Amino acid sequence: MIAELVLATLFGLLLLGIHRKIIARIQRRPGPPVWQEILHMLKFSFKTTWIPKTASPVLFVGVVLIAIGIWTAAFYVLVSGGSLLVILGIYLLHKIVEHGFGLSSGSPYGKYGGVRSVISAASEIPLFVSIAVIAAYTHSLEIARIMEYQEAAGPLLITAFPAAGAMFLVILSKMPFGPFSIVESKELVSGYKTEHFGIWRAGLEICNGLKTFVLLGVFLGVFIGPLSLPLLLLGMIVLVVILAFACAVTPMMSPFDSVTIQMLVTGGMLVYAAFVLAVVHP
Amino acid sequence: MADLIGGIPLFVLEFGDELVYFTPYTITLFLLALTFTLLVLISRPERQIDIAFGGDAYRAKEITVAEMRFRRFMAIACGLATMGAMVTGDIFNFTLFTAMVGITNVGIVAAVKSRHVQDAAYQYGLVALAATVPLFAGAAVYAAVTGSLSMIELMKGTVPAVPLIAKGMLVLGVIGEGMAPFYAAKAEMFRAPGAPYVIMCSLSSLLIFLRVVEIVMLG
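Protein chains in written order, with my numbering: chain A, 1 to 282; chain B, 1 to 219.
Extracted from the complex, chain B is given alone in its bound form (with noise of 0.2 Å):
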């Protein structure tokens, strides 16, 4: 089973029926968000330049400080939130992060004040939305199938198989969150300023991806 998900664990906390494990795979999705929320954290946002087109005109965009800080905050929230969900051991927990990377993702864009950026956020908004229906509808079959949510009781394979439709559903609410093909309004959400806390918004969904690949390959 090693061989298959992200290696051996190398460190497991409880916390009560809590589960915090850290395999070489998940240290290095967890590593990759940290050092990403430690850059939202130190970075200032770039001055994004807008060219009239037919003419010389060019302009930069303004960030103010009220909006950077709003910005920042949802950025470094996105980022906790991703780091959770590269370390936690338990499904629900994991659907709870994913969910609110979701919601984070919306927020880093909220306040930019550019229309093609809110109608990108609202129509990603509603993908990720309904996305969550399949994503906790997993984890509730997973939780009646096996009788449990802890991802080491499926890694040691004392539980029952959990079935296809299961894993495929907990799939679907990932990918809804920000995958292919599900992505396109978030491409157009990437027009927004502010660099540092955009790009959280594509690594979260890809961690997530990449998380989610290793927990439907155990049990």
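One chain only, chain A, in its complex shape (with noise of 0.2 Å):
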């Protein structure tokens, strides 16, 4: 089990310096080798590390380990079908970890991170009614049993495209550079981490690698059905082009503009859930 969490580490970081990479292109820069963010993690695993003056020292250290832990609930989650409502939880729980991160440190930029992480707590909404419409068709949130009905029914995508297209939203909410990425934008540094270096961020780095494997995983089960693993990977290199896409050409919304589409999203999603609860599967 150690070895698979290392690889998927490792692979939802490739993807990350892929989603870079291909942001840069679209964009006319070289952009850094798609390698660049595990060497990231490498590199500030061995830089120097200490706790600052101002922080909460166990705050600061603990929510770190909080992070990996969480993603690494979530990756077994994934592996052995388990619940999407405990996906769900640790999606949520993980806006708890950028709260932690930003303001353990006693930084103003760490802070309005994690305000800003509280504000962006509307994209969280589409995903749960995204989850109702699956149990509607479903009558199941374990993952093993979803993947059984769509191997019979055919997949989710098709079927329940709007809520597959609020999922997508609220992964693209989560990938940096993104429209919504307002919680890490540049006037704040880098956000919510950006005090936390060295083995700190190494720790940070592993987190955004699971994190990016596990949602994406998700989503290709939820929404495709069971795949091999060599498919698994491809439809994940082919969600991360697309979410690159999406990002490269869209520019970061201020936080208020980021809010108000995330409710009208939900909005929509939650006249399409009536939709299908009172019409489709009374």
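Derived by calculation from the structure, the hints in this document are not laboratory data.
Computed from a predicted structure; not experimentally measured.
Honestly, I wouldn't trust all of these hints.
Capping the alpha-carbon separation at 27 Å, the derived lysine-lysine pairs in DSSO-like fashion look like this [stated by the list, open to error]:
1) A/Lys53 with A/Lys21
2) A/Lys95 with B/Lys156
3) A/Lys95 with A/Lys174
4) B/Lys61 with A/Lys186
5) B/Lys61 with A/Lys95
6) A/Lys21 with A/Lys43
7) A/Lys186 with A/Lys174
8) A/Lys53 with B/Lys113
9) B/Lys61 with A/Lys53
Here are a few chain A residues that face chain B, going by a calculated C-beta distance under 8 Å [what the hints assert, rightly or not]:
10) Gly62
11) Ile66
12) Ser80
13) Ser83
14) Leu85
15) Val86
16) Gly89
17) Leu92
18) Lys95
19) Ile96
20) Gly106
21) Pro108
22) Lys111
23) Val115
24) Thr194
Note that CB positions come from ideal geometry on N, CA and C, so glycine has one too.
Can you join these two chains into the complex? Each is in its own frame, and there are hints to help.
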């Protein structure tokens, strides 16, 4: 299991590297090599590390361990075909991790990253609605059962396309350099992660790699169905290419606009979920 | 049913007609609430830095020992209420714990001497107070329709189906305690120093929301 965890982390970091490379090429820059995020993680692992004098030391360190812990648990849930509710819970708790990173250092940049993270909680609501629609179609929230349903009835990507679109938006909101990446925008230096450096940043990189792998894996499992390992990895790369195009051609929004668009999508999704629950699967 | 909710109950503890039960889902939520409550217990607050924009001046905000003690007490109370809401098997107890989370959230920032934070806490308190109306009304409709507030009874499917309006009111009540779109004032509360305590405001709202998602799928 540890080997799978390490490979998933490295592949997740590779996906983030591909994401950066594609954005750079679309913007006519050479961009870093695709393995840059893996190099970042290794580099930070061996850099000098300390805790800022103004930080809350236990929280400053503890939140890194919690970040790795929750996404390790999410990876285990994905591999074992466990409950989508637990994945939802972990996704929400990542928000708390962002708060913890931002607020624990005492830095004003980190603090505003943390505050923006609270504001951007609106991005989670389309996920709730997607899950309600999935439950209406499949009568289950177990990932394994949802995959079985799709083997028999075809991919939910086609039958429940708006739900897939909403979940795609949720993943987009978690990708770096995207239209909704207000928690780490450049006017806040690096936002919530500004003060975490050295081994703490390496831990955050590990968390980001795992998070990317898990979210893309959940999307493919829930909306495409069971895939062999090579097809799963290929599917993740295709998704990252699409996400990179979306990030490259869209400017980062202001916090107000970001929340407004997410709330509008949520409104549309609520109408769709009501239609599914009342008409398609009463 | 176990597919839809957080799995089959692994352990049920009965106190007369009061029930506490653990599923894989609620254990996960309970352990997270416990972890962050322990962090509150052992963490010291950070020294938040304020920058005077337009110049090079900055200053560190100090938290007095008396203020820290009060806020830590409220954060621990919030953690305990959240843990209660995660494991209770009684819908009325869940609503009580949820209301207590709202009160303790205001308490966590009430001692902060900042006008911004005090205003935000006041506005949040009003929303949370208003949200208790649908919250308790939802629980009352549950009791009126099913004759039971036990989640185990709802899970068994031996009681009449719960109307959608009751579930909606319960969810609305929980959302009013600090989820989108009623969380705007809460974001301002995060300006307060004392990260280990302030985080409990957000964590408690998220966890009770995750629990109510499970509850409305019962019955």
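Hint by hint, here is what the structure shows:
no., hint, result
1, A/Lys53 with A/Lys21, "violated (36 Å)"
2, A/Lys95 with B/Lys156, "violated (34 Å)"
3, A/Lys95 with A/Lys174, "holds (10 Å)"
4, B/Lys61 with A/Lys186, "holds (25 Å)"
5, B/Lys61 with A/Lys95, "holds (25 Å)"
6, A/Lys21 with A/Lys43, "holds (19 Å)"
7, A/Lys186 with A/Lys174, "holds (16 Å)"
8, A/Lys53 with B/Lys113, "holds (23 Å)"
9, B/Lys61 with A/Lys53, "holds (13 Å)"
10, Gly62, "holds (6 Å)"
11, Ile66, "holds (7 Å)"
12, Ser80, "violated (11 Å)"
13, Ser83, "holds (6 Å)"
14, Leu85, "holds (6 Å)"
15, Val86, "holds (6 Å)"
16, Gly89, "holds (5 Å)"
17, Leu92, "holds (5 Å)"
18, Lys95, "holds (7 Å)"
19, Ile96, "holds (5 Å)"
20, Gly106, "holds (4 Å)"
21, Pro108, "holds (5 Å)"
22, Lys111, "holds (7 Å)"
23, Val115, "holds (5 Å)"
24, Thr194, "violated (12 Å)"
In the structure shown, a violation is registered for the earlier hints numbered 1, 2, 12 and 24, in ascending order.
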